[in-house]
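Using the sequences plus the hints, can you model the full thing?
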Amino acid sequence: MRFSALLRKELRECLPWMLLAAIVFLALGGFFLRVEIHYRNPSWYYSRLSPGTIVESSLFTYYSILGIMGPLLLLSSIGLGLVLGIRHFWIPNFTRTWPFLLHRSVSRKTILAAKLTATMIAFVISLGPVWIGLYWYACRPEVFPIPQTPRVFIEGWIFIMLGLVTYLGTALSGLNTAKWYTTKIFGLVFAALVIFTIFPQCSLVWIFTVIAVSAAILLSRIFDTFLRREF
Amino acid sequence: MNEIVLETEALTKYYGGTLAVDHMDLQIPRGCICGFVGRNGAGKTTAIKLMLGLLNPTAGSSRLLGCDSSALTPAIRQRIGYVTEGHRLFRWMSIGGLEKFQRSFFPKQWDDKFFVDMIEYFDLPKKKKIKHLSNGQRAQVSLALALAPNPELLIMDDPTLGLDAAIRRQFLEGMIELIMRQGRTVLFSSHILGDVERVSDRIVVIDKGVLRANCSLEQFQKAIKKAILSFADSVPGDVNIDGLLHCRRSEKQLELTLVGTDDEKISEWAKSAGAENYNIVKMNLEDQFIEFTAPANHRRLFQWEER
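Line by line, the protein sequences are chains Z and C. According to our numbering, the first sequence is numbered sequentially starting from 462. According to our numbering, the second sequence is numbered sequentially starting from 1460.
If you're looking for bench data, these hints aren't it; they were derived computationally from the structure. C-beta atoms are modelled at their ideal positions from N, C-alpha and C, and glycine is treated no differently. Among these hints, one or two may not hold up.
A few chain Z residues that face chain C, going by a derived Cβ cut-off under 10 Å, partial list only [as the list claims (entries may be wrong)]:
(1) Arg557
(2) Pro560
(3) Leu562
(4) His564
(5) Thr571
(6) Phe692
Capping the alpha-carbon separation at 25 Å, the derived lysine-lysine pairs in PhoX-like fashion look like this [said to hold, decoys possible]:
(7) Lys1567/C <-> Lys570/Z
(8) Lys1559/C <-> Lys570/Z
(9) Lys1588/C <-> Lys1559/C
(10) Lys1572/C <-> Lys1586/C
(11) Lys1711/C <-> Lys1730/C
(12) Lys1724/C <-> Lys1685/C
Right, dumping it as structure tokens:
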């Protein structure tokens, strides 16, 4: 009952940003997908060109839907992670609501667990369904001329997970009371490094390992800081 | 002997090189209403946060309801009400939403009728969001939220700060509601000595992090007095009387602020100093507090309470 009250409160704080991320990703992602399907269609070009015109074949090269929407999904995910991290761990420093929240008849671990659970739910139910929907749409017959592999689908979820890593990095920086030029920046820099480390990798196992290890490091630092910090 | 519900032992807190609370030894017995007073920056908020385990002490310890403050269990927190400084609540929540949120942490002890009565008494609409409330209204919500779980110990950090006289009166009346419930203990910090005088039966004075007094309000009010001595010629150069806090001189008058000095001793000293006559002036609590905490050369330790 106490955990669910905390969870509801945290989810309610996430709600506007969840909706915004989902709407932006759905609107822009859907738009880019439609544009890609439409403009890379050779018949569309040829209907507008004089007969005999030579056209570069790269114009008709289709990419996977992640090639089209990957940057958008990554930006939405990182943006959501940043905003939720700020909402959960920075704003209470300014609104001075930490003492009211911490004087609950629950442990600090429970309070932190509620925040982390709410964020995971927020990511899964905001960007997840939109990604599944767009992938499903692209996989439908006669919609997209190249097949969408399961790897493309999994890579989309990796992008969403990178948003969670960003959230954890933002949370750690928000909780740290040191100066910016000292350890406070560590969380954000660490999250950025993880994102840059992921991109050149091809092996899914390697990518998942990097994400899992970095998330574990950030989580352990967050728990340690939150349990010991003064408010 | 009364049960001690709040206890600190050599509680000390440094912020970097700044000493905020200095070896505070405090004991608050069950069932008292304790005004915790001090000037701005005296260390009241720090002391309260240390007691509630929101800050870590540099040295010393504190215990609430028998539990160490640094390890307050959820079960102990459930027995303690806390009104934060500035009544910082979740701005996006409505009063009804906050009620629901708070109630879920006190499933057995939440007094729904009491909360509703208080909200109606303060004339607050439940649907209104916290961000749309005035400071005074937020204070009232904060008090109702803290009182409805019927806490054994209520700690309030400057709850009447920034409230106008009428709202302050209402707030204090709300607090008296709790006081009337037997065995409840209240510790509230304040700058407004009138409020302390109205509701407290005990006073704790903190000055520059140092605990200067912890006694009944009556004892405090009796102990601090001002004597005005008139002299025919000039005032004596050396004033040597027990309990002297401040000494102000004019040409033929000596104004002494004393702590814990008997009237008899004042009389004896006045005679020995050659005063024509002397007069003991009644002081209100605010004047007593100002004199007591004002910097002076003749400051002495507060010894009288040990007698």
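> Is the straight-line distance between the alpha-carbon of Lys1711/C and that of Lys1730/C 25 Å or less?
Replying inline: holds (15 Å)
> Does Thr571/Z meet its interface restraint, that is, does its C-beta lie within less than 10 Å of any C-beta in chain C?
Replying inline: holds (8 Å)
> Does the interface hint hold: is Pro560/Z within less than 10 Å of chain C, judged Cβ to Cβ?
Replying inline: holds (5 Å)
> Within a Cα-Cα threshold of 25 Å, do Lys1567/C and Lys570/Z meet the stated pairing?
Replying inline: Between Lys1567/C and Lys570/Z the Cα gap is close to 23 Å, so the pair holds against 25 Å.
> Quick one, are Lys1572/C and Lys1586/C close enough, alpha carbons at most 25 Å?
Replying inline: holds (17 Å)
> Quick one, is the Arg557/Z hint okay against chain C at 10 Å, beta carbons?
Replying inline: OK, holds: Arg557/Z within 10 Å of chain C, min 4 Å.
> Straight-line Cα separation of Lys1724/C and Lys1685/C no greater than 25 Å?
Replying inline: Given that 25 Å is the threshold and the Cα spacing comes to 13 Å, the pair holds.
>> Holds or violated: Lys1559/C and Lys570/Z, Cα atoms, limit 25 Å.
In response: holds (22 Å)
> With 10 Å as the cut and Cβ atoms as the points, is Phe692/Z at the interface with chain C?
Replying inline: At 5 Å from the nearest chain C Cβ, Phe692/Z passes the 10 Å test, so the hint holds.
> Can Leu562/Z be said to touch chain C, with a Cβ gap under 10 Å?
Replying inline: holds (8 Å)
> Any CB of chain C closer than 10 Å to the CB of His564/Z?
Replying inline: For His564/Z, the interface hint holds, since the closest Cβ of chain C sits about 5 Å away, which is under 10 Å.
> Is it true that the CA of Lys1588/C sits at most 25 Å from the CA of Lys1559/C?
Replying inline: holds (14 Å)
Violated hints: none; the structure is consistent with every hint.
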